[in-house]
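Read off the chains here:
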Amino acid sequence: MLLPFQEANLQTFPPSNAHSKLLGSYPSHAGEESTGSRPQNGDESQGGLPRFLRVSTYQPYFDVNTEDVSQRILHSLLLNWGEFMTVTNHNPDLYGPFWICTTLIFVASAFGNFSTYLSNSSSWQFDIGKVNWAAGLFYAYTFLLPLLLYFFLKYINVALGLVQLWCLYGYSLFVFIPVSFIALVPVSVLKWVVVAGAGLISTTFVITSLKMHLGSSEWSFVVIIGLIILQASFALAFKILFFA
Amino acid sequence: MSHSDTVPLNTSSQSDIDEIENLLVMHQHGPSHTHYPGSVPAARPSSPPRASIPVSTSISVPSALPTPKTPVSVGPIPKPSMESPPTPDYGAGKAPTGFGGGPSANTLTEPVWLTIKRDLIRIGTNLRHVVFPNPYREDPGQALRDWDLWGPFFFIVFLGVAISYSASSDNSKVFAVVFAVLAAGAVILTLNVLLLGGHIIFFQSLSLLGYCLFPLDIGALICMLNSHPIVNGIVVLITLAWSSWAAYPFVSAAVSSNRKALAVYPVFLLYVSIGFFIFAV
Numbered sequence: 021m022l023l024p025f026q027e028a029n030l031q032t033f034p035p036s037n038a039h040s041k042l043l044g045s046y047p048s049h050a051g052e053e054s055t056g057s058r059p060q061n062g063d064e065s066q067g068g069l070p071r072f073l074r075v076s077t078y079q080p081y082f083d084v085n086t087e088d089v090s091q092r093i094l095h096s097l098l099l100n101w102g103e104f105m106t107v108t109n110h111n112p113d114l115y116g117p118f119w120i121c122t123t124l125i126f127v128a129s130a131f132g133n134f135s136t137y138l139s140n141s142s143s144w145q146f147d148i149g150k151v152n153w154a155a156g157l158f159y160a161y162t163f164l165l166p167l168l169l170y171f172f173l174k175y176i177n178v179a180l181g182l183v184q185l186w187c188l189y190g191y192s193l194f195v196f197i198p199v200s201f202i203a204l205v206p207v208s209v210l211k212w213v214v215v216a217g218a219g220l221i222s223t224t225f226v227i228t229s230l231k232m233h234l235g236s237s238e239w240s241f242v243v244i245i246g247l248i249i250l251q252a253s254f255a256l257a258f259k260i261l262f263f264a
Numbered sequence: 023m024s025h026s027d028t029v030p031l032n033t034s035s036q037s038d039i040d041e042i043e044n045l046l047v048m049h050q051h052g053p054s055h056t057h058y059p060g061s062v063p064a065a066r067p068s069s070p071p072r073a074s075i076p077v078s079t080s081i082s083v084p085s086a087l088p089t090p091k092t093p094v095s096v097g098p099i100p101k102p103s104m105e106s107p108p109t110p111d112y113g114a115g116k117a118p119t120g121f122g123g124g125p126s127a128n129t130l131t132e133p134v135w136l137t138i139k140r141d142l143i144r145i146g147t148n149l150r151h152v153v154f155p156n157p158y159r160e161d162p163g164q165a166l167r168d169w170d171l172w173g174p175f176f177f178i179v180f181l182g183v184a185i186s187y188s189a190s191s192d193n194s195k196v197f198a199v200v201f202a203v204l205a206a207g208a209v210i211l212t213l214n215v216l217l218l219g220g221h222i223i224f225f226q227s228l229s230l231l232g233y234c235l236f237p238l239d240i241g242a243l244i245c246m247l248n249s250h251p252i253v254n255g256i257v258v259l260i261t262l263a264w265s266s267w268a269a270y271p272f273v274s275a276a277v278s279s280n281r282k283a284l285a286v287y288p289v290f291l292l293y294v295s296i297g298f299f300i301f302a303v
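So the protein lines, in turn, are chains A and B.
Going letter by letter, the first sequence gives residues 21 to 264 in the working numbering.
Going letter by letter, the second sequence gives residues 23 to 303 in the working numbering.
Mixed in with the good hints, there may be bad ones.
To be verified - Below, in silico cross-link-like pairs of lysine-lysine (DSSO-like), each with a Cα-Cα straight-line distance of 27 Å or less:
#, chain 1, residue 1, chain 2, residue 2
1, A, 211, A, 259
2, A, 150, B, 195
3, B, 195, A, 259
Stated by the list, open to error - Label pairs and their computed distance ranges (CB to CB):
#, chain 1, residue 1, chain 2, residue 2, range
4, B, 263, A, 149, 28 to 34 Å
5, B, 138, A, 69, 32 to 38 Å
6, A, 239, B, 263, 49 to 55 Å
Claimed, not checked - Calculated from the model, a selection of chain B residues having no Cβ within reach of chain A, i.e. all distances over 10 Å:
#, residue
7, 132
8, 133
9, 139
10, 190
11, 213
12, 253
13, 295
14, 298
Don't read these hints as lab results, they were simulated from the structure.
Glycine included, every Cβ here is placed at the ideal spot set by N, Cα and C.
Chain B extracted, bound-state conformation (with noise of 0.2 Å):
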């Protein structure tokens, strides 16, 4: 039961191992035995390199952030006032771990309720960064540091089944369009910025292009319980005026400036046609 075998496994399993390893120590060994599971050399390889987002090393301290690996992700056990932070390499190696980097949490021995919390606060303070008017609204660049993509997904979900509730027939039909507009939208722009040369990273644009239809949300719900055309035209136009506001900074950043309107024409686009489908449907 040595770490130093490493014999090659993947990532997360060698992880778990790790993990189950470290737990049967500490039942072993009692209370007075302090080994921390953030002590335990890095025996695995550090997880595959993805397009790393400028993340400061502030955040590494760990219960700070959530981060919403797949349930099968190990880390320390978050202990703040009694640990110190992690090792350097240990930090540097958690850090890349994609969905916006910082340590990821122990979320197979913390309950359901505390993981959700985590996941929920990381919506809503992406929401603030990216949606609402705000004075202190971060540089474009930085927009997303934390990305996930449950939000998007929340929102894509929640626009397809107000839109399609509204319809009056045909309503598995409707949500697929809608859905698969939405979805495939959100990647075929990210594709169209990157095609004219612009510099993102593709799931932080999928991510953002997601939490910016968040405006559209509240439109399809006030068009879902109310039923006047005019009231319905004026908030559709007024929550699609909100989400292009929101993408545009993003999308005009990422590209160089002669070539901007062509980045985001597309974007319009697909705001108006999903205000269309709000009002029309």
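One chain only, chain A, in its complex shape (with noise of 0.2 Å):
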């Protein structure tokens, strides 16, 4: 039974109508008058930059508060059984993902170096090069791998929003925060266990939520296999570049 999808416009992005949302009584409204960045406060009927460059634009997307963004890291650590599609799907937010994948590129190349320090601390040097690692990666991960996944999907007629999916990508990454936590301790099989772990839990989040929406073709079990193991391989490239 597949759940109704709200064919919401902030499902597609851009939004094309995303004033509509920010008519009425949305504070950020008078917040787009304030903004010194875009040169468009002079005339507000010629309209400055082109729509997909203001600010505005991608507002809808960040209409998140404190506690909707912590109840969502709760159901990524909890696998509440894909209660987030639920959650989420009249209000996907961007600002999840992107800070988590921000923290987690800090956090895995400060800890990994950190854990290198610990095995071997007589020569020891800072490798700059793992920042480099994580922000491709990371950022890859949460944002290419969704965008191929929607153009995939709409392939197979599955009713999946592009942003959704950018959304739950990056709140599956939450899990490797803790993770990379706990591997500073320099026990080899311990390092092996909690990033398995990990990738373990981020898969079956990713999993079980989009299992009801995929439907019972035969596409949808190679959708479910190929993001197994896309998630696993990612999983396996975190523990050897950060925590070998």
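Make the complex out of the two chains shown on their own, each in a separate frame, by following the hints.
So this is what it looks like as structure tokens:
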């Protein structure tokens, strides 16, 4: 039984009627006028910048409060069996994915360096390459992979929004942050176990959230297997690059 | 050479032409002709409207405040004792000239040292308002009335140099990463507040986040000169807390109260990561 998806404009990125959400009592409507960054405040009727470059186009994706974000993070950790998608159906946010990803870049590179320091403190130097690898890997994983998945799902006629996929993948990475703390302990077996556990949790989160929307065609099985493989290889890359 | 033919030129070049004309006029007519450039009617259009910071009109007295406009900027030659305050529309056209308002000075004909000194004084003033513990610390909404980007630029470059100096290998890569993180981080943090529905001015926020790096600069300098890890760690922690303390009121005042943590957390993340670079590299 497929959950009815609201073909909301928020699912298309960028939304075509962003202003309809901003009209009404939305506080950011005033915020748009005070932005000095875009030279559009000279004349309202002109509209200086194209729509996709304005801040106001993307504000609907950041319409979350602190407790919304923490609730979504808890969903990703506790695997509430698909509730995540219903929660974010009407209000997928991009704040969570972006900042979880950025935090993870810092945490992984910092603690990865710290763990190599703990392994051999005599001849150690800070490896700045870890930061570059972290940035490349995490941003590509969080933002490119859902894009490809979105196109593939469109091909097999599954109605899932792009922003919702971004939201899902972004929050699924959260579990790697506490795991990085634990993986500092310089015991090799513990590192493997802990990273494998994180991979398992994030994979389960993604699969259970997607499963009820995929239907039961043969393609859905392929998609699930493919996603499991991708997530597992991500966890493997995480372990090897940062906590070797 | 009349000023009434308003050929629509670029703002700065029209004002340059005005200034050169006035200098020629003054030279021709000699000292008897009291023709101050300040009394020329503004044939040139006023500078493009930027988001103006509430500037009180008392600041329109000329030599009071510095303005580090680019070297082609012109304005009335500051003669405070002899000249009456500028005519109202001239002053109104001058006030929102970005870089925190205030009349722009004639940087073409004054000594270079004077220009630099003015900028340094402005940086010092802004530092005092933003960073230092000050019982008369201004309301965060008015924090950097006179914002500029020279201070942040200098602090970011110094921080990159200090961190990459003490790196044992890959110095240029370290500098690149630190510079990119700081510069992109300031922009992204400002965008973050804007996207969450906050009310800030883009360049003012960039400027403020740059000034709040000053304590981390001090920490980086100390860590560069000293190599004892525990002392370094304590210094980094103290300067990190100081930077966060300086930046917090501004950012938290800009968003609504139920999103405060969402806006403040990335600032904290940026300063912690820079502190970690200072300590570990």
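To see whether the hints hold, each was checked on the structure:
1. For the suggested pair residue 211 of chain A and residue 259 of chain A, the alpha carbons sit about 8 Å apart, so the restraint of at most 27 Å is met.
2. Annotation: proposed proximity of residue 150 of chain A to residue 195 of chain B holds, straight-line Cα distance about 11 Å (limit 27 Å).
3. Between residue 195 of chain B and residue 259 of chain A the CA atoms are separated by roughly 24 Å; this keeps the pair inside 27 Å, and the hint holds.
4. In this structure, residue 263 of chain B and residue 149 of chain A meet the distance hint of 28 to 34 Å, their C-beta atoms being roughly 30 Å apart.
5. A C-beta distance of roughly 35 Å is found between residue 138 of chain B and residue 69 of chain A, which places it inside the suggested range of 32 to 38 Å.
6. Restraint check, residue 239 of chain A to residue 263 of chain B: a C-beta distance of roughly 54 Å satisfies the suggested window 49 to 55 Å.
7. Residue placement check: residue 132 of chain B keeps its beta carbon more than 10 Å from all beta carbons of chain A (closest about 29 Å).
8. For residue 133 of chain B, the non-interface assignment is confirmed: its Cβ lies about 32 Å from the closest Cβ of chain A, beyond the 10 Å cut-off.
9. For residue 139 of chain B, the non-interface assignment is confirmed: its Cβ lies about 28 Å from the closest Cβ of chain A, beyond the 10 Å cut-off.
10. Separation of residue 190 of chain B from chain A is inadequate, the least Cβ-Cβ distance of about 5 Å not exceeding the 10 Å criterion.
11. With a least beta-carbon separation of about 7 Å from chain A, residue 213 of chain B fails to lie farther than 10 Å from that chain, contradicting its non-interface assignment.
12. Even its closest Cβ contact with chain A, about 18 Å, leaves residue 253 of chain B beyond 10 Å, as expected for a residue assigned away from the interface.
13. The beta carbon of residue 295 of chain B is not kept farther than 10 Å from every beta carbon of chain A, the shortest such distance being approximately 5 Å.
14. A beta-carbon of chain A comes within 10 Å of the beta-carbon of residue 298 of chain B; the shortest separation is about 5 Å.
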